[in-house]
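S.K.: Make the full structure from the sequences, and use the hints.
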Amino acid sequence: DTEVTQTPKHLVMGMTNKKSLKCEQHMGHRAMYWYKQKAKKPPELMFVYSYEKLSINESVPSRFSPECPNSSLLNLHLHALQPEDSALYLCASSRTSGSSYNEQFFGPGTRLTVL
Amino acid sequence: DQQVKQNSPSLSVQEGRISILNCDYTNSMFDYFLWYKKYPAEGPTFLISISSIKDKNEDGRFTVFLNKSAKHLSLHIVPSQPGDSAVYFCAARYHGQNFVFGPGTRLSVLP
Chain A
57 DTEVTQTPKH LVMGMTNKKS LKCEQHMGHR AMYWYKQKAK KPPELMFVYS
107 YEKLSINESV PSRFSPECPN SSLLNLHLHA LQPEDSALYL CASSRTSGSS
157 YNEQFFGPGT RLTVL
Chain B
723 DQQVKQNSPS LSVQEGRISI LNCDYTNSMF DYFLWYKKYP AEGPTFLISI
773 SSIKDKNEDG RFTVFLNKSA KHLSLHIVPS QPGDSAVYFC AARYHGQNFV
823 FGPGTRLSVL P
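Chains as they are written, first to last, in our numbering: chain A, 57 to 171; chain B, 723 to 833.
FYI, nobody ran anything at the bench for these hints, they're computed from the structure. For every residue, glycine included, the Cβ atom is placed at its ideal position computed from N, Cα and C. Incorrect hints may appear among the rest.
Far from chain B, some chain A residues (derived; all Cβ distances over 10 Å) [to be verified]:
1) Lys78
2) Glu80
3) Gly84
4) Ser121
5) Cys124
6) Leu129
7) Asp141
Below 27 Å or equal to it, Euclidean Cα-Cα: the simulated DSS-like pairs (lysine-lysine) are [what the hints assert, rightly or not]:
8) A:Lys65 with A:Lys97
9) A:Lys78 with A:Lys97
10) A:Lys65 with A:Lys96
11) A:Lys109 with A:Lys75
12) A:Lys97 with B:Lys793
13) A:Lys94 with B:Lys759
14) B:Lys776 with B:Lys727
15) B:Lys778 with B:Lys759
16) B:Lys759 with A:Lys97
17) B:Lys727 with A:Lys96
18) B:Lys778 with B:Lys793
19) A:Lys109 with A:Lys65
20) A:Lys97 with B:Lys790
21) B:Lys793 with B:Lys759
22) B:Lys727 with A:Lys97
23) A:Lys94 with B:Lys727
24) A:Lys94 with A:Lys65
25) B:Lys759 with B:Lys727
26) A:Lys65 with B:Lys759
27) A:Lys97 with A:Lys75
28) B:Lys790 with B:Lys776
29) A:Lys96 with B:Lys793
30) B:Lys759 with A:Lys78
31) A:Lys96 with B:Lys759
32) B:Lys727 with B:Lys793
Distance ranges between label pairs, derived from CB positions [to be verified]:
33) B:Gln724 with A:Val68: 24 to 34 Å
34) B:Tyr816 with A:Arg151: 11 to 21 Å
35) B:Lys790 with A:Met71: 40 to 50 Å
M.R.: Here it is as structure tokens:
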């Protein structure tokens, strides 16, 4: 299985809602990533988990809360978002991070719209 | 400040010819470079990579060249096929986990 899956595919939420994005991989990868991609822009790194521990938070607002319950799952909890948070949210995984040269495998993304 | 630049937003190439996509970077701490292809409504797909200690890596129709002194890398696709039409992102890594993507180049391969 060389796939990263993300659910839901699309999500529309109001600014007072609480929702979660889910990501799953069964490749035995120990590094997992959340990216945000706005239209016609490159993906921007948000969070990195390495061996289920948060290792990078790229100054992301606290209304985004990541969680890595186990080595296969990565969640992104959303609360009190703003319309400008509307974007494609991409999850990725790699064998490890650090000095190894490992490519990232990306999921198809969740298209989020905040009303 | 863009650390990874792809100065050509788009490129059109005839089928069977060579496609050359360019990428420039500013951060000398980058140690690993990757190229991804992205179709609409899909996540990026890894194509090929190169570590900073090498100057060339080849995989089938895809070759990546790295010129460290110029802080420049390029992706060559030979021969180009219509199925190669997509957005190509150059990405670079530093500190083991930080990945920075360029803005992308849209490649159109014309039959």
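S.K.: With reference to the structure, classify each hint as holding or not holding.
M.R.: Hint by hint, here is what the structure shows:
no. : hint                               : result
1   : Lys78                              : holds (15 Å)
2   : Glu80                              : holds (14 Å)
3   : Gly84                              : holds (17 Å)
4   : Ser121                             : holds (19 Å)
5   : Cys124                             : holds (14 Å)
6   : Leu129                             : holds (17 Å)
7   : Asp141                             : holds (19 Å)
8   : A:Lys65 with A:Lys97               : holds (19 Å)
9   : A:Lys78 with A:Lys97               : holds (23 Å)
10  : A:Lys65 with A:Lys96               : holds (19 Å)
11  : A:Lys109 with A:Lys75              : holds (22 Å)
12  : A:Lys97 with B:Lys793              : holds (22 Å)
13  : A:Lys94 with B:Lys759              : holds (17 Å)
14  : B:Lys776 with B:Lys727             : holds (20 Å)
15  : B:Lys778 with B:Lys759             : holds (19 Å)
16  : B:Lys759 with A:Lys97              : holds (14 Å)
17  : B:Lys727 with A:Lys96              : holds (14 Å)
18  : B:Lys778 with B:Lys793             : holds (14 Å)
19  : A:Lys109 with A:Lys65              : holds (26 Å)
20  : A:Lys97 with B:Lys790              : holds (26 Å)
21  : B:Lys793 with B:Lys759             : holds (21 Å)
22  : B:Lys727 with A:Lys97              : holds (12 Å)
23  : A:Lys94 with B:Lys727              : holds (17 Å)
24  : A:Lys94 with A:Lys65               : holds (16 Å)
25  : B:Lys759 with B:Lys727             : holds (16 Å)
26  : A:Lys65 with B:Lys759              : holds (20 Å)
27  : A:Lys97 with A:Lys75               : holds (24 Å)
28  : B:Lys790 with B:Lys776             : holds (9 Å)
29  : A:Lys96 with B:Lys793              : holds (24 Å)
30  : B:Lys759 with A:Lys78              : holds (23 Å)
31  : A:Lys96 with B:Lys759              : holds (14 Å)
32  : B:Lys727 with B:Lys793             : holds (11 Å)
33  : B:Gln724 with A:Val68: 24 to 34 Å  : holds (31 Å)
34  : B:Tyr816 with A:Arg151: 11 to 21 Å : holds (18 Å)
35  : B:Lys790 with A:Met71: 40 to 50 Å  : holds (47 Å)
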